[in-house]
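Chemist: Residue strings, one per chain:
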Amino acid sequence: MSDVILKADGICKSYRMGSAQVNVLKGVCLAVKRGEFLAIVGSSGSGKSTLLHILGALDKPDKGAVSFEGKNLNSLRTRQLGYFRNKTVGFVFQFYHLLDELSVSENVFLPAMVSRSIVGWIMHRRWAKKRAKGLLDQLGLSERADHKPYQLSGGERQRVAIGRALMNEPKLLLADEPTGNLDSATGNGILNVLEKLNQGGQTIVMVTHDEKIAHRAGRIVTLTDGRIT
Amino acid sequence: MYKVILIIRYLFKKQISYLASIAVALCVFIVTVVMTIMTGLLTEFKQKNHNFVGDCIVGTESLVGFPYYEDFMKILEQSDFVEAVSPVIKSYALVSLDGTERSRGIEIMGIDPVRHGKVTGFGKTLHYNKDNVSKVFEPVYEPALAGCVVGVDLWLARDAWGEYSYASEPAKAALAITCFPLTAKGALARAGADIVNTKIFYYSDTSQSGLARVDGSIIYLPFDDAQVLCGMAGTDKRASAVYIKFRPDVKLAAGREKTALLWKKFAEEKTGNKPTDLLKAVTVKSWKDYRRMFVAAMEKEYTMVAIMFALVGITTVCIVFVVLYMIVSHKSKDIGILKSVGASKADVVELFCGFSVMVGLLGSFVGIICGWVFLLRINWIENWLFEHFGFQLWDRTIYAIGGIPNEIEPKLLAAIILAAVAVCLAGAFLPSRYAAKLEPVQSLQVSQL
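Residue numbers (the working numbering), protein chains in the order written: chain C, 1 to 229; chain X, 1 to 449.
Hint data in this document are derived by calculation from the structure and do not stem from the laboratory.
Glycine is no exception: its CB is placed at the ideal position from the N, C-alpha and C atoms.
Some clues are possibly wrong.
Claimed, not checked - In silico BS3-like pairs for lysine-lysine, Cα to Cα no more than 25 Å straight-line: (1) X/K264 x C/K71; (2) X/K288 x X/K118; (3) C/K63 x X/K288; (4) X/K333 x C/K148; (5) C/K71 x C/K133; (6) X/K437 x C/K87; (7) X/K264 x X/K288; (8) X/K13 x X/K48; (9) X/K285 x X/K90; (10) X/K237 x C/K60; (11) C/K87 x X/K345; (12) C/K148 x X/K285.
To be verified - Under 10 Å between C-beta atoms, here's a sample of chain C residues computed to sit facing chain X: (13) S19; (14) Q21; (15) S49; (16) G82; (17) Y83; (18) S117; (19) R125; (20) K129; (21) R131; (22) N168; (23) V221.
Given these sequences and hints, build the entire structure.
Modeler: The following block contains the structure:
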């Protein structure tokens, strides 16, 4: 099995802002090894979040290809893309993006529900609830399982988001400024969680604008003017 | 499963969902109430018309009538699709209370009460001889005299509640009925020295068909007397029409068709016998065609109301569309989250369409319950309004209706619920399909550089 789990090749992406075209990514090439903790650093507006979204199949590149374990994501159909997002990657957003209508534990086992029909869910719900409980215990949120996201602090919400991202045991965890919205102590706690996960073999790609935070990762790449330098 | 959970949470935990449901409920309420009343009135009106004439009418509009009706009745009676037949004389006359000079124009209908009772609902319209038609032309105060049945609105005044004050027995009253007898060619026939026929009839009963025009203008007379009065008796006996009742298993259109064929054959056989021109004027009509002039107006009104409420429905589509569009827009972040954890486009569309169906069902349920309760009490409410404020939806001194119809038709309810759900689905489908098409990042609005 190849050591490289994720590979980006010549990724280009541009946005139209009014009448002007902004070229955000200008042929990014990147390889992520299995079990690696990679930090992508760049100043605000450098395109690092856009790159992370493309790596996680949340967005499509204008040019170039992303392959996961040798399989080109561009060739995946809608349903296969959904499966990829559900089973293969876990996404942690800067603004947590939890569903307010669901409780903490429901948010955590949401990916398990999404991947199953009602019958499938009925058959697997015990397993899913047990796994969600285990994750919440691991993240120190067992007391908050029945709360709603809006009843939690920022750090707690981010930990819930991490729990959700890990629910289906993804091969790759993508974190977009996971501490960007938190104070330094809380952010530090989140980084500790990520480090611990990486030590357990979890491949992580994290985007941050903070060099200090980036240094918690095993490898750092810098995105400048739409290119990896 | 998450879709079921989210649908329920969106429905019961978001105020805007209540707004959408209330909009649907209001429309369902209005449509249920108005359509129930209109359907009830139309059905009742049609039924009264059907009861008045039976299933099929072989007749002529000419006041001269047509001959050989007895022969044709025999043929009908021998056929396997006819249950009963009744000959009818129809004409115009003047009526005055005997001994007075005040007279008024009326329509007369000469009937054989027993036959007529078998073909039409005549027996049920009577007050003193209800379902006892054989005695209807025998005044209780002097059974040997020639009796007549008077349309209730010619005899009694309706009070504000739509009721009539009947005496315990028919009052003794003699009515002089004057007719212009016509020959088979339509000329005035001399009846002795006069060109008019007058006969005294004694009030024996009233008929309340529920059709204002009938109850306010018709006096029923014994068939033979009416025939003489109109000049249709004699060797060349004539009648204005033959009313027919089909057997229960015979469909109206099929029965009419068979009758028309029989009549065609019969008329052809009689060609050569005089006067055949009168036979040519005879038509065979189902009760619906025969009473179309009266029923069509009400049907048009019903159609107009239905169109108006279709417009209300379109307005509802717009309201529900806007509300659901707002909900879907408001939930675009949720769509992004769901897609980021693997939900497909179809899942997103299903989620919001499922939600809209629930809004439609909840709104329909509330609207129908409110409509049902309102309809149950509508007559009580109208009475209360009349007692306290003098308000009446239909002035009972003018309109020949009893209570406001309030029987809810299950088919109508099912149609309203289906329409409400379809409207909600239509309102949610486009925005949810649009939202589902977006990339997760666009929905999350996190396209920060």
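Chemist: Among the hints numbered above, which are violated by the structure, and what are their numbers in rising order?
Modeler: Hints 1, 3, 5, 8, 10, 12, 13, 14, 20, 21, 23 are the ones this structure does not satisfy, whereas the remaining hints hold.
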